[in-house]
Each structure stands twice: as C-alpha cells, then as structure tokens.
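Enquirer: Here is what each chain is made of, one letter per residue.
Number of protein chains: 2
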Amino acid sequence: MRTKDKMRESEFIDWLFSQSDFDPAAVPVGPGDDMAVVMCGSEELLITTDQALDGVHFSLARCGPEAAGRKAMARSLSDVAAMAAIPFGAVAAVALPKGFQQPDAEAMYRGLRSISDPFECPIVGGDVAVWDKPLAISVTIFARPTGPGPVLRSGAKPGDAICVTGSFGGAWASQRHLEFMPRIREARRLGERCELHAMIDVSDGLAADLGHLARASGVGAEILAANVPIHPDVDARDEAGRLRAALGDGEDYELLFALPAEQAEQLVRDQPLTVPIRRIGTVISGEALRLIGPDGRGEPLQVPGWEHET
Amino acid sequence: MRTKDKMRESEFIDWLFSQSDFDPAAVPVGPGDDMAVVMCGSEELLITTDQALDGVHFSLARCGPEAAGRKAMARSLSDVAAMAAIPFGAVAAVALPKGFQQPDAEAMYRGLRSISDPFECPIVGGDVAVWDKPLAISVTIFARPTGPGPVLRSGAKPGDAICVTGSFGGAWASQRHLEFMPRIREARRLGERCELHAMIDVSDGLAADLGHLARASGVGAEILAANVPIHPDVDARDEAGRLRAALGDGEDYELLFALPAEQAEQLVRDQPLTVPIRRIGTVISGEALRLIGPDGRGEPLQVPGWEHET
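Here the protein sequences line up with chains A and B, keeping their order.
For the first sequence, the working numbering gives the first residue as 60, with consecutive numbering after it.
For the second sequence, the working numbering gives the first residue as 60, with consecutive numbering after it.
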C-alpha cells in the first residue's frame, strides 16, 4: 500500500511538473527537486512543503502529538539538508482532530519547535483548523543557499562516486523515523569540503531515491551490494533480506550524494562528520541502475514500487 | 460547530504567538497577521499558509475537485490581498483520498491554477500523499510588499474611517465562497491612493475580523448598522436577521480597512474600483466594539463565537 502511494505521488509530481512552464529568471528550479528555487529580488529563495499525516507518516495513537509534530518539521528540514541550504523560517498548517485538547496541541507545537529551534528556523506563521478527521500537519520551510548555491538532484556525472551518510533499513519498524535529526549541518560541511554534483535525502528508500537522482541527472548507477551500510534496526535473518530492507524500506533521512571520485576517496578517508560516510557506488552513463554482488556479477537494481512505471 | 472551531483556532494562534520570541530584524511580523514578514537578505518576504479541508472549507461531494482546488488557492491569495502585497509563488501540499483518480487530481490542480495564473503566481512545488481520509489541501504563498510596505492589522488609529469592499453574508449557503476573486488588485489600487493604516480580509465574518483588526491595533470601533452592505445572497426575512448574517456569516473574502477619514470620504466619492467601497464605521479609542442602530442608539457588537473568550 505504501509502495503504491509512493508511485502515485511520483507520477503526480511528474505530471504536475510537466504542466508548468516557468520563467527560469524568476523560478530557476521548479517542482521535482527537494526544494524549489525562486528569485526574491536578487536573492535565491528555496522553498519546500511537506505533509505528515496520521496513519501514513506516523501513528498518532502510537507516538503521541509531540513526536508527530517533531516528524512533520524534521521531514521538511531534511529537504533543506538535501539542498545543502540554510533554513530561515517555517510556517505550519495543522488540521486538528475534534477532541484534540489544548495540551495535545501544545505538545504537537513543542514537537515542531524541538526540531526547528536547533536550526534557528523560527515558526513565523500558521493556520489551524479543526475537523473530525485525523491529524494532518503541513510544514513549509524557506531557506537560502550556501556559498556554492543549492545542490540539485540533477548534476551527477558519469564517473562520480556515489556516497551516503549513515546506514539504512528498518526505520519504520523501529520508530527511528520519528527520531532522526535532519542532516543540515552535515550537508553544509560536505558542501564546504567537496563539489557536490547532486544530492537527495533518502525518504522513499535508498534504491528509489537513487533512481530519482539518476533520472534527474540523466545518468545510471552501479551500487556495490557489499558497501551498502545496513542499519542495526534491520531484523531480517539472511543477507539478501537485510540488503533488501536497506535498499527498500525508506524513511532513513540520510544523505545520498554524487561527487568527483577523488574527492570521495579523501572524504571517506577523513570522515569529517560525526556520522559515517560511505561510498556505495559509481555514476555511469546510460540510465541503468545496477546492483553488483560480492561475486562481481551485476543485476538490475530493484526499486520497490517502480515495477509498474515502465 | 463552525463557530466553536473558529474560536479554538483564534485561541491557539494567540497561544502560539505568545510562545514565540522573534528577532524583529529577522522577522518583522510574526504569527497573528494575515501574512508573516521575514527578511530574505535585504528583501521583505511575506508568507502565508492556509488549508482547505473537505467538510470544513468545502464539500467535495457537492463542489467537485476543481472548485476545491480553486478555493484552496483563493483563500491564501486573499491573505496576500489583505497585506496589499504582490504574490510571486506558491507551493501546495495535498492529501488525496484513496480512490481519487488521476482525472480528479488533475481537476484539483486545474482549480489551483485557475486562480493562481491570473495573478502570475506560479506553483513552484508540491507534496502529494494518499490516505484513506478526505481531501486536504494546504497552500503556502510568498509575496513581496508594494511601495508603502505591507499593510498590517495593527495600524488603525482612533478617528480613522472603517471601510469595506463589496457586501456581506450568505456566502456559504449560496456557494459564493467557492467563486470569490481575491481582492489583490483592489488592495494594491487602494494602497496606491490612500494611507491604509490597517487591513484584513473577511473570512471569519465581518464582526469577528473587525474584532481581530481592532484588537491587533489596540482600538475599538463603532459600526453603523445602516451602512453595512448586505449581499443579495442573504435570505433572512427581517432586517435584524439580514444584518446578523452580514456581520456573522463569514467567507466573504472582502477587504476591511482603516484609513484617515478625509481619504475615505474621497474614496467613497470616487469609487475607483469595480467593486463598491463603503464606509461602515469609525475607529475609536478603548477596546469596545459597538453597533449603532438607525435610531442612533449603540449596543455591543455581537461577535459570533467570541462569547466564551472573555
């Protein structure tokens, strides 16, 4: 079910994108990247909007309103990380279920603030309505690029190394998806050290988001199965199941990025972040996504939910 | 029910506002006005977010997806009008009900575009999710101020005239709330001609939004009952019922504004807009909101849903 929804979203966004005809002088980056870029006078303004829905992105009954608010804000801030940008404000639209009490609303707001405050991203406005349906939170964040400009999904080049922060899989089952810290600082540090050709945050799943990045860049990729960092939360017994979870589960909110191979080598050697950086593969020309097994044999990388797309 | 919700929203926004401590150099206007104002480099950036929920702001079964999308965009653009600002982009977060078909989603999107295109406000990004709950649309709009700067709710001064565009009441029952055109051009024209001390768009109701404006400005107001323009959609039989509808129904999305009395006189004489402008009252010192009857006797202005606030 979740897989199918992801596919529909991706299809719809593609369709929406194709409908739009932007003046590139006013809208340098439209829908289809982690954030849009619009010109605000002479300044580049980055914008993202994301929703967190009870029953889809969290279970209110299970996690409570504070964790729900936290996740809603963290999801949007993760998009800011993906652009290596600096957030400077947020607005939130909240549909509260009838029967939600003031303390619940306060807890939800505390959750939002618990993750926006550390990034000095004030919540400058909001819209609150009450309905007899589940909690829905939409968070819009605006950000400015760092020195080298926003890092898009579309700049990966054949020969680039593909790297990731952290490890993957099991985030939903373990509730880690409620507790992740958006990789904003890490992304900026990477941007200061390297030429980041392309970057995305992993929400749909490592394979799916690699697919998004590759498609946006017009390239393919080879991933070394043995190099994919598998999170301890993954509880599959056999190696194949563990790899499948790491590639497919999603909700990891780690960074996936492409950069010149020699810079990646240095980066992996230096490990300048508090989270491990690992090279998992290489950008290739064409559009194939391939998974290379320990025996050196390749097979098509399975992207969950993509079966019906071709 | 709707009245109670409005009150809760207002309470919550107040509470939210009191929690925040903004650096005025970075956030000149925080929550509590029609739009927040944040500094984007040296530019003032105006932001609003608003949601349109099935069963609260529209009935999908009754109006269909295109009208729902249209209203979602129009609601947010009406906030831009209230600041006499110029929109330059929007993002939308949409929770689609399961079973929503691609043609429904396209119709919803057409509805959004039908009202953003006339104002040259491109939809630069979006987030789409699917859930087994009703349609929820959040639209965030960013705008820039016109020459004199954003018009806030808080600048009304004793002695100012209180004016409105258009007429009031019956918008929900007649479905007019699905078809209104945000008063963006009218607001700008007003801003070019007059010193707009304070302005708000009337969504909660004429009395309630007058209350918001007065409270934000720290003033009171006297409204002349005979001058309140009543919309032909109001179907109450007696004069008292018609006035009550005009003051209380809401969803009119007209402009309510305060300006120097002599400028209002000129404005009402010239009628420079295609929609009628009418003076309905006067800003007074203190905090009382009073309704003056045809016999010259005053009574407290009843603000629906506010009974429990004091």
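Watch out, some of these pointers could steer you wrong.
Chain copies aren't distinguished; within one or between two, either way the pair holds.
Think about it this way: if two alpha-carbon atoms lie no more than 25 Å apart in a straight line, the pair counts; the simulated SDA-like pairs of lysine to any residue are [as the list claims (entries may be wrong)]: (1) Lys157 x Asp191; (2) Lys216 x Asp297; (3) Lys157 x Gly307; (4) Lys157 x Asp297; (5) Lys157 x Gly300; (6) Lys157 x Met98; (7) Lys216 x Glu251; (8) Lys157 x Asp176; (9) Lys216 x Gln160; (10) Lys157 x Gln322; (11) Lys216 x Arg356; (12) Lys157 x Trp231; (13) Lys157 x Arg121; (14) Lys216 x Glu165; (15) Lys157 x Ala232; (16) Lys157 x Asp82; (17) Lys216 x Asp191; (18) Lys157 x Pro363; (19) Lys216 x Gly345; (20) Lys157 x Ser118; (21) Lys216 x Gly89; (22) Lys157 x Gln330.
No lab work stands behind these hints, which were simulated from the structure alone.
Keep in mind it's a predicted model, so treat the numbers as computed, not measured.
Enquirer: All the hints need checking, so say for each whether the structure fits it.
Expert: Results of checking the hints against the structure:
With identical chains, the CA atoms of Lys157 and Asp191 are at most 25 Å apart both within one copy (5 Å) and between copies (18 Å). Taking identical chains as interchangeable, the C-alpha atoms of Lys216 and Asp297 are never at most 25 Å apart, the minima being 34 Å within one chain and 74 Å between chains. In the homo-oligomer, the alpha carbons of Lys157 and Gly307 lie at most 25 Å apart only across protomers (23 Å), although the nearest pairing inside one protomer, at 36 Å, exceeds that limit. Within a single copy, Lys157 and Asp297 get their C-alpha atoms no closer than 45 Å, and across copies no closer than 35 Å, so neither meets the 25 Å cut-off.
Proximity of Lys157 and Gly300 under a CA criterion of 25 Å is satisfied in neither setting, with 42 Å inside one chain copy and 30 Å between copies. In this assembly of identical chains, the alpha carbons of Lys157 and Met98 never lie at most 25 Å apart, being 40 Å within a copy and 36 Å across copies at closest. Within a single copy, Lys216 and Glu251 get their C-alpha atoms as close as 20 Å, which meets the 25 Å cut-off; across copies the closest is 51 Å, which misses it. When the C-alpha separation of Lys157 and Asp176 is checked against a cutoff of 25 Å, the pair qualifies neither within a copy, at 28 Å, nor between copies, at 35 Å.
Taking identical chains as interchangeable, the C-alpha atoms of Lys216 and Gln160 are never at most 25 Å apart, the minima being 52 Å within one chain and 37 Å between chains. For the homomeric pair Lys157 and Gln322, neither the shortest alpha-carbon distance inside one copy (53 Å) nor that between copies (45 Å) is at most 25 Å. Taking identical chains as interchangeable, the C-alpha atoms of Lys216 and Arg356 lie at most 25 Å apart only when both belong to the same chain, with a minimum of 23 Å there against 78 Å between chains. Proximity of Lys157 to Trp231 under the C-alpha cut-off of 25 Å is restricted to the inter-copy arrangement: shortest distance 22 Å between copies versus 27 Å within a copy.
For the identical chains of this complex, Lys157 and Arg121 are neighbours both inside a copy (18 Å) and across copies (23 Å), given an alpha-carbon limit of 25 Å. For the homomeric pair Lys216 and Glu165, neither the shortest alpha-carbon distance inside one copy (47 Å) nor that between copies (34 Å) is at most 25 Å. In this homomeric assembly, Lys157 and Ala232 come within 25 Å of each other (Cα to Cα) only across copies, at 23 Å, whereas the closest approach inside a single copy is 28 Å. Taking the shortest Cα distances, Lys157 and Asp82 never come within 25 Å of each other, neither inside one copy (43 Å) nor across copies (34 Å).
Taking the shortest Cα distances, Lys216 and Asp191 never come within 25 Å of each other, neither inside one copy (49 Å) nor across copies (40 Å). Within a single copy, Lys157 and Pro363 get their C-alpha atoms only as close as 36 Å, which misses the 25 Å cut-off; across copies the closest is 20 Å, which meets it. For a Cα distance limit of 25 Å, the shortest separation of Lys216 from Gly345 inside one copy, 11 Å, qualifies, whereas the shortest one across copies, 67 Å, does not. Within a single copy, Lys157 and Ser118 get their C-alpha atoms as close as 17 Å, and across copies as close as 18 Å, so both meet the 25 Å cut-off.
In this assembly of identical chains, the alpha carbons of Lys216 and Gly89 lie at most 25 Å apart only when taken from the same copy (21 Å versus 43 Å across copies). Within a single copy, Lys157 and Gln330 get their C-alpha atoms no closer than 49 Å, and across copies no closer than 44 Å, so neither meets the 25 Å cut-off.
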